[in-house]
Every structure is written in C-alpha cells, then in structure tokens.
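**Q** Residue numbers (the working numbering), protein chains in the order written: chain A, 1 to 316; chain B, 1 to 259; chain C, 1 to 284.
Some hints could be false.
Said to hold, decoys possible - Here are some chain C residues pointing at chain A (derived, C-beta under 7 Å):
(1) P144
(2) P184
(3) M186
Stated by the list, open to error - Label-pair restraints from in silico Cβ distances:
(4) A/V26 to B/W187: 37 to 43 Å
(5) A/V26 to B/T44: 34 to 40 Å
(6) B/L243 to A/V26: 24 to 30 Å
(7) B/T215 to A/T4: 37 to 43 Å
(8) A/T186 to B/W187: 18 to 24 Å
(9) A/V26 to B/A52: 40 to 46 Å
Worth flagging that the hints you see were computed from the coordinates, not collected in a lab. Glycine included, each C-beta is placed from N, C-alpha and C at the ideal position.
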Amino acid sequence: MYPTLHIPDGFLAPQVALAAWIATSVVVGISLRRLNATGRDTSSLTILMGISGAFIFAAQMFNFPVAAGTSGHLLGGVLAGFLLGPWAGTLVMTTVIGIQALLFQDGGLLALGANAFNMGVIGTLGGTLVARGLAATLGGSRAATAFSIGVAAWLSVMAAAGLTTLQLGLSGTTDVSIGLPVMLGTHALIGIGEALISVAALSFIAISAPDLYSSSSSAPAASPARRLVSGIGIAAAIAALASLFASASPDGLMKVAEQLGLLEQSRAPTFELFPGYTVPGLDGPASTAVAGVVGIAAVAALLFALGKFASRRNGA
Amino acid sequence: MLHQATQRDARAAILATLGTTLGVALLPAGSYLAYLVVWLGVVTVGAAAGIAPLTLARRGFIALPFVLAAAPLIFIRADELIWSGVLGPLSLSVSGAGLRIFLSAAIKSWISVQVALVLLHRYPIESIVGSLRALKLPDALATGAGLTIRYLDLLRGEAIRMLRARASRSASPVGVGGERIGGSISWRAKVTGNLAGALFLRAYARAGRVEEAATARGASGSLSLGALRNPDPRFALKSLLALAALVVTMAIGAAAPRF
Amino acid sequence: MNSKQTSEEQVGVTQAAEKRAADHDHAHSHGSLPAAHTHPHRHDVEPTGDDHWVHLEHLHFRYPDGTEALRGVDLHIARGEKVALLGPNGAGKSTLMLHLNGIYHPTHGSVRVAGLAISNETIGRVRAEVGLVFQDPDDQLFSPTVWEDVAFGPIHMGLDEAAVHDRVEAALAAVGALELAGRPPMRLSIGQRKRVALATVLSMNPSILVFDEPSAGLDPRGRRELIELLGTLTQTLIVSTHDLELARAVFPRSIVVDGGRIVADAPTTQLLADRELLLKHGLA
Chain A
1 MYPTLHIPDG FLAPQVALAA WIATSVVVGI SLRRLNATGR DTSSLTILMG ISGAFIFAAQ
61 MFNFPVAAGT SGHLLGGVLA GFLLGPWAGT LVMTTVIGIQ ALLFQDGGLL ALGANAFNMG
121 VIGTLGGTLV ARGLAATLGG SRAATAFSIG VAAWLSVMAA AGLTTLQLGL SGTTDVSIGL
181 PVMLGTHALI GIGEALISVA ALSFIAISAP DLYSSSSSAP AASPARRLVS GIGIAAAIAA
241 LASLFASASP DGLMKVAEQL GLLEQSRAPT FELFPGYTVP GLDGPASTAV AGVVGIAAVA
301 ALLFALGKFA SRRNGA
Chain B
1 MLHQATQRDA RAAILATLGT TLGVALLPAG SYLAYLVVWL GVVTVGAAAG IAPLTLARRG
61 FIALPFVLAA APLIFIRADE LIWSGVLGPL SLSVSGAGLR IFLSAAIKSW ISVQVALVLL
121 HRYPIESIVG SLRALKLPDA LATGAGLTIR YLDLLRGEAI RMLRARASRS ASPVGVGGER
181 IGGSISWRAK VTGNLAGALF LRAYARAGRV EEAATARGAS GSLSLGALRN PDPRFALKSL
241 LALAALVVTM AIGAAAPRF
Chain C
1 MNSKQTSEEQ VGVTQAAEKR AADHDHAHSH GSLPAAHTHP HRHDVEPTGD DHWVHLEHLH
61 FRYPDGTEAL RGVDLHIARG EKVALLGPNG AGKSTLMLHL NGIYHPTHGS VRVAGLAISN
121 ETIGRVRAEV GLVFQDPDDQ LFSPTVWEDV AFGPIHMGLD EAAVHDRVEA ALAAVGALEL
181 AGRPPMRLSI GQRKRVALAT VLSMNPSILV FDEPSAGLDP RGRRELIELL GTLTQTLIVS
241 THDLELARAV FPRSIVVDGG RIVADAPTTQ LLADRELLLK HGLA
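Only chain A is shown next, with the shape it has when bound in the complex (with noise of 0.2 Å):
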C-alpha cells in the first residue's frame, strides 16, 4: 500500500506524533541507563554502536531478487538487537532512524518518534526480548535459536506495518479498514525475508566468529526495568496482532479514532469495485476467510511464544 514504513510529515497529526515520541523517548532513557549499568566499558561499546548503525544502513543494500521486478532486503532490527543486545540495539536502530531522517529526509523530523517506536523500539527491542525467550524455553539449541530469530523478525516487520498503519489511522490520514490487511498481508511476506536474512546473518557470525557470537548473545540477569520494558515491547506486539483481528471488523478501531476525536466524520465504504460485490480484501468472505486464518496463525504463534516466555519467567 505504502511502499516504506518511514511516515513522512504532514502525515501524523501532532497528538500521536507527540505521544510516540514520548514512548520512543522513555524506552531510549531506559536502554541508556541500563547499558550504563551493564559495567561495560562504554567507550568501548560505544564504538562499536557507532559504527554498528553504519553496518545497518550499508546491510539494507543488501537486496535480492524476489519476483516480477520486486526485491527484498533487511530492516535489521532484531539482527541489530540480538548481536549487540537489545539495549545497544534499540539505540543503534534508533540512531539509524534518526539519521535516515535527517540527512536523507527519509521518513519525517516530526514523525521520528514513530518511526523510532516502529522500528526500533518494537522491532528491536521487543523482537530481541521476544527471540531470546522463545530460544531459551526451546532449549537453547542452534535450530531453536535459529528459529526463534525468525519468528521475531517476522513478527517485528508485522508490528512495525500494523503499528504505523494504526498510528495513521488514529491520525485520520489512512483508512484502516483497507491499510491493514493490505499493510498486514504484504509484510507477512516481507517479514519472511527479514527472517530468512535474519537467521542466516546471525548463523553466518555464529560459524565464523563463534566467540563474538557466544558473547553477544548471552542474556543478562532480568531486572525490573527490563521486565517493564518487556511488557512493553510483547504489549506492543499483542496490539500489532490484535489490529490484524481489528481488520475483520474495522469498526471498532473507527470507534475509538472517533472518540479521540481524530477522526471528524466516521466512513461508510461506497467504493464498490463491482455493482453488488465488495472490494477484494475489504468484506469478501474468501479475503476475510484468508485474513481470518492469518491472524488466528500469528496470534497462536505468538501465544505460544508468550506462554514458553511466562513459563520460562517462572522457572528462573
């Protein structure tokens, strides 16, 4: 629908604007305060963030070839946060996006606490924190991890297109009804690209440089900052999910756009694309079968993730 996750400005009305840049502002306090208290030699760690958000940008070039003129690359968020950490990560990947915006006007100096909840918050904090308990309830192993990494990429490229598809939605500037499932349906796709190139950067390191890899991805002791900051990243995840289900009946969200008086009128559909028939993919019964299974797949991938998560929680 729209070709890149980075909202423009213009695009955003300033309250949801205002308030991600809250959320994106509180999460980058907490990922400084605890990277100052990992006892990490900071100079050392900074360096390597520094150029490590430079390896992201240059990652992204990485394309291939998927069909019809169409090719895939990396967004890099839990690959960042899983060879760094997640604190680090959420940090470089904000920092990238900061840049982006800056100095290649690539998604919008207003919208960046958006753009940098999106995608750096979300994609890599939660996505990190989401891998790492799935692998760790599923033993650990190399294929465990391995596809624990893929099920966070997949799931942090899903959050990242729900979220600002929710986020313009609030604004009045999309309609959510058609955005989300078109957004939803073509980053489940997309979202299996970030987890293959996922899966085998981080499987790459882990053949070449063994030791770097063990390093990085040992998880620290949970704190009670970290275990807020995960609430909030599965959080997050659960309303990206949640709207996918929101899809098959928009009027909700309209509801609650309304309330917040973001949205002046509310919308009833007249655009038929056949005399007596709907659009496809807004209320056709087959679209809505096919979304309908899409979600309740991803929402119970994600429960058992969430479920191996708690028990794992619980154990230790």
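Following the hints, complete the assembly by docking chains B and C onto the known chain A.
**A** Here is chains B and C on its own, set in the frame of chain A:
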C-alpha cells in the same frame, strides 16, 4: 569527517526547523493559502541559504510515494461528495473531505521535507549532531550518531564491493538449468543474510581498530566526537526567533481561509 | 545500453561510497599524457572469434562524479592468451577489468567477450564466460563454509545438485583447497582465501579469468604458490598487477595502462627491459 574547526552552532536552526515542522503539522486541513504562505517563507529562507526554490521544490517530492496511504480516503469517505458515477466496472465516488485530507497531507509532507533540506543545506550534518548534543541529546547517542555518519560511506563502499562480487558470479547461461536460474528465493535470501553477516564481522573488526587507535591516542573513557566547539553567543535570541517561526506559522493557519 | 549506470547499484548510494568502492586503487590524479607512446596492436588479423576472444573498442568510462577513468581503450586478446595489465595506482586497470563482465558499462565504445556483445540479454552468459577474482578476497567470500561459497556460482546458474557437487569438487581440487571445504572462509589465511576466491569462479567453468592484484598482501611463499597455480591454468588470463616478477614469470604479453589509456603493449620481456617506460609510468 567531523571537522571540528568548521563546526558551527546549529542549535537555533534546529529549533527553527522543528518549530516550523510542528507549525505545519498543526495547520488545519484545507488551509491551502496558509500552506502557500509558509512554503514561500521556507523557500525564502532556502534561497538565503543558497538553494534555488525550484530545486528545493523538486527535492521536496522525495516523500511523495507515501501519499498512497491517504489516497483511498478520497474514494472511501462518504462525506461532501463532489462527484459520483460509474467508470467502466467501477462505481466511484469522490469525497471532498477525503480529497482535502489527501491533499493537505501531501502538501504538508512536501513542505516539511523542504524545511529539513534547508537545515541540511545550511549546516553540515556534523554540526547538526554537535548542536543536538549541546541541546542535551545524550552523549552515547550523539557519539554513536557521529560515528555512524563517519563510517557510513566506508561501510557502504564495502557493501557495494560485496554486491559487485556477487553480481559478477551471478551467471545464467542460456540452456542450463532453465527456471532454476538464480536459485530459489529462500536461497537468495540466505545469501543476502550471509552478506550481512560477513559485513558485520568487518564492521566489528573495524570497531576494534578504531578503539585501539583511540586508546593509543590516550582518549580513554570518553570520545569527544560530536561536541560543539563554537557555541553561538546569540543562541538565546536566535531561539526566540525560532520559536516565533512556530507562532507565526500557527497564526497564519488561524487567519487563512480553509477550503 | 544504459551508460554510466553500474548494474547492481539501484539502491541510492551516495557518490562518495560509490567512488570509494568504484576502484580500489583508483586515485584522482590523471595527469596529461604524451599521446606519442601508444603502440599499435600486435594483431593484424580479422576480428573473428578466437583471435579476439576479448575485444574492446574505443572504451571510454566516466564515473558519476565526472572523473574520466578510461579515455579510449582498444584491446584485443586471443583465446588462451595470458596478459599482464601493468600501471600505477589510479591508471584505470580495475575500472577496465570491471567492464569485462558487465559490472560497469562503457560511457562510449564497446566490449565483446567470448563472441558476446555485452547487453542485458547476454549479461548472464557473459558472467559465466568471465570469472572475476577481486583483489580483496573478503569482498568475494560471503558464505559460512568454503564449500557453499564455491557452490554459489553453479547454484545460481541453475545446475542440479550432482553437477554442482562435481563442479565444486573440481574447482577446489584445482586450487588445492579440497581439505578446506568445511571451513569458514573468514577463518582462513590470506593465501588460502585467495585460492578459495579463485575456486569460486573456476566452479563456473569460465573461459576467461580476470584477476585484480592477485599477489597483493601475500608473503613470499604465498606468492610463489600463486605463481605456480597461475601457471597451471589453461583459460585466457588477464591479470592486473604491480608485481613485475609475477608478470615475467607467467605472462608472455604485458600491457601498460596509464591515465585511462593503453600506453604500451608488448612482449613482457621486451617491455620490462624498457627502463625509461617503466619509470615514466610509475612501475619502477
């Protein structure tokens, strides 16, 4: 790349940029006259900074593809119908309200990009990062951003060389293999992941060398990357002017008629 | 054919990065050159297949930033010939080599290899005919194991599993690296990586092999082994090098490139005896 000597204080300009962007976002939908006035202001500042208005306008279209997000509103909203009819198999209606939201978002994004471009044209990115640090951006972020920018071209260069090497081995002789040429999509994705992994190991090795060099120079503990060396003494006055940009933009929006 | 554009960079690359990657040894200094030094071509034969297995005509290339890297290169190389490309840093050697399998497309002029004019239709076949071995093996090696890396070309060509297996085994055997098959390329020595990089193109059965600075970074033993290995290859060889001993040992014919032009083209022994020429073009 971070030329400390030539670094300039961009704090007031950053505040003005953010103020104008926020002001544009706050302009009501449909205030086309206000958009025009604000745009003329932006172009004037841009011209003073040395960018031709048409160049600026053209480069402002960079975010244009995103208007697709708002396009369905034109046809989906049922209010203020300005046209409806049958177009081939399509039964279409055009909503005035939808059109207004679409056009307003498109114009606002177009103006906002130009505002950012003026800032970037006026100040080198290193000055902007240094000024952001002076505006209380945390050290770790400022230094990280400075290093990212410093190594951006280098790592992109490495990525291009790797892509080039991959391309030169991407052969597809006719008559061999048929539709399997190019490998399966999942294999291609895996190769792409391998490239990313290999590049990270290079980046990691480079980080190690940078750290060694920094230690050798005795810069242990903190890097001074991105520090603002020449603060502008008239910063307070200038930021008041920057704040005025926001107020003026909003005042224009309130005064101008809407359609 | 779309000039200036390189085939893989549709991704919005900054010019600086493009420039940096463009040519490892590409410096900005292009002094003016005496035109008198151009030697005529040795081949007085008709431009038919095997005699003109590599055929460059009036090749010009300008980088997007305006730097003129090639200023009219005419060159014919016969099938099976072994040619050294000599010249100072920034002479245009690497840029020239990147034209040989369509990574760069000439601003003016034409490139024919193995009887194929390079175009969008032929590019896949050209890349099967011309194997490019880059100066830095790390650019070329991107797989978790040596075996997978050598298999990349054959798999991309669409060969079936058995054929891929045979190709990989033969290529690794040819460079004496069979025992490295399961190792990660990144953990090999520089000499081993150079040999594996060669295997990654040998597995595609090219008729032309193009090397950029193969002896750079090798210790004396690695260099000796490289010279032996190059001597065993039967393909058409085009090798850019600063290593005059390597040129003397392996290549009967040498070409001197400077300022984006061919300034000398002669039997290697004769060329290396011309001390004035070598000094003039920064080779001695």
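**Q** Mind listing which of the numbered hints don't hold for this structure, in increasing order?
**A** none
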